[in-house]
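Numbered continuously in this note's numbering, the sequence shown closes out at residue 187.
In short, the hints are calculated from the structure, not lab data. Everything numeric in this text was worked out from a predicted model, so none of it was measured. Any given hint might turn out to be false.
As the list claims (entries may be wrong) - 25 Å max Cα-Cα, derived DSS-like pairs, lysine-lysine: (1) 88 - 66; (2) 100 - 53; (3) 88 - 100; (4) 100 - 66; (5) 53 - 85; (6) 85 - 66; (7) 88 - 53; (8) 53 - 66.
To be verified - Per label pair, the in silico range of CB-to-CB distance: (9) 176 - 111: 26 to 32 Å; (10) 146 - 125: 25 to 31 Å; (11) 142 - 106: 20 to 26 Å; (12) 84 - 143: 31 to 37 Å; (13) 113 - 163: 39 to 45 Å.
Built from N, CA and C at the ideal position, the CB exists for glycine as well.
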Amino acid sequence: MTVMPHLPPDAATDLPADEHVADTPEAVHEDRLWCDGGWTARVIKNEDDDGWAVEMIKDGEPEPALVGPWTMGRNKKDPKPLDTAAFNTLVKTASEVLRRHEQQLRAQLHRRVSVAAASGDGELDVTLDIVPEEDEPYALLTAFDAFGEQLAQVQVAVNFKLSRASAASWVENGFRRPG
């Protein structure tokens with residue numbers, strides 16, 4: 009097992025020497041467990057068959073970002089040990105999974121349409137942003153001019169359907185809260 013303190017490249021140097029290590033998470037590089045750079049890779053027994061799986065967990069997250077099959081070792085019984093190249097590949101893959109999940113969530117919570125301004129001068133962007141509060145979720149309907157300046161914002165129900173027609177109606181009605 010190799011245990012090394014994990015210090016960011018720009019770690020403060022004005023702390024006493026013993027505090028540098030005490031305040032910094034340690035990297036762990038073991039055959040079935042790697043913790044480094046904000047990620048943990050853990051090789052686990054695959055519950056679905058006789059093989060092995062690896063799970064990638066981002067520090068501070070309760071659930072793994074990625075769980076996938078893991079290669080058997082030469083004896084066809086034990087898992088292949090983790091190494092630097094495998095860990096780096098797993099971090100890259102798990103980061104991509106999280107990025108795609110964030111993009112999908114953003115797409116579900118944010119909509120945007122463009123409509124003609126009531127004055128006939130150009131277009132307005134109208135957005136609908138869902139605020140997923142646990143107790144009472146709501147949405148914000150917002151209008152922006154061609155320069156990105158916010159013209160109006162009203163709170164609407166989460167199930168408000170933003171379309172070109174509903175946005176145009178809102179603009180034509182002087183940005184009064186839709187009924």
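Please verify whether residue 100 and residue 53 have alpha carbons no more than 25 Å apart. Holds. Residue 100 to residue 53 sits at ~23 Å (cutoff 25 Å).
Discussion item. Check the hint pairing residue 88 with residue 66 against an upper bound of 25 Å on the C-alpha distance.
Written reply: Within the cut-off at roughly 22 Å; holds.
Query raised in the report: Is the hinted pair residue 88 and residue 53 satisfied, with a Cα-Cα distance of at most 25 Å?
Result: holds, 12 Å
Going straight from one Cα to the other, do residue 85 and residue 66 come out at no more than 25 Å?
Outside the cut-off at roughly 28 Å; violated.
Given pair status - residue 66, residue 53, alpha carbons within 25 Å:
With a Cα-Cα distance of about 20 Å, the restraint between residue 53 and residue 66 holds, given a limit of 25 Å.
>> Assuming the hint says 25 to 31 Å, is it satisfied by the Cβ distance from residue 146 to residue 125 or not?
In response: Given range 25 to 31 Å: holds, Cβ gap about 26 Å.
#### Entry: Range hint 20 to 26 Å (beta carbons of residue 142 and residue 106) holds or violated
Distance hint for residue 142, residue 106 holds at roughly 22 Å.
- request: Starting from residue 88, check that the Cα of residue 100 is at most 25 Å away, please.
  value: Roughly 19 Å between the alpha carbons, so the hint for residue 88 and residue 100 holds.
Report task. Confirm or reject the claim that residue 113 and residue 163 have a C-beta distance inside 39 to 45 Å. Result -> violated, 21 Å
- Item | Distance restraint evaluation - residue 84, residue 143, Cβ atoms, bounds 31 to 37 Å | With a Cβ separation near 53 Å, residue 84 and residue 143 fall outside 31 to 37 Å, so the hint is violated.
Review point. Is the straight-line distance between the alpha-carbon of residue 53 and that of residue 85 25 Å or less?
Key: holds, 11 Å
Is residue 100 close enough to residue 66, meaning Cα to Cα at most 25 Å? Distance of about 12 Å is within 25 Å: holds.
Hints 6, 12 and 13 from the earlier list are contradicted by this structure; the remaining hints agree with it.
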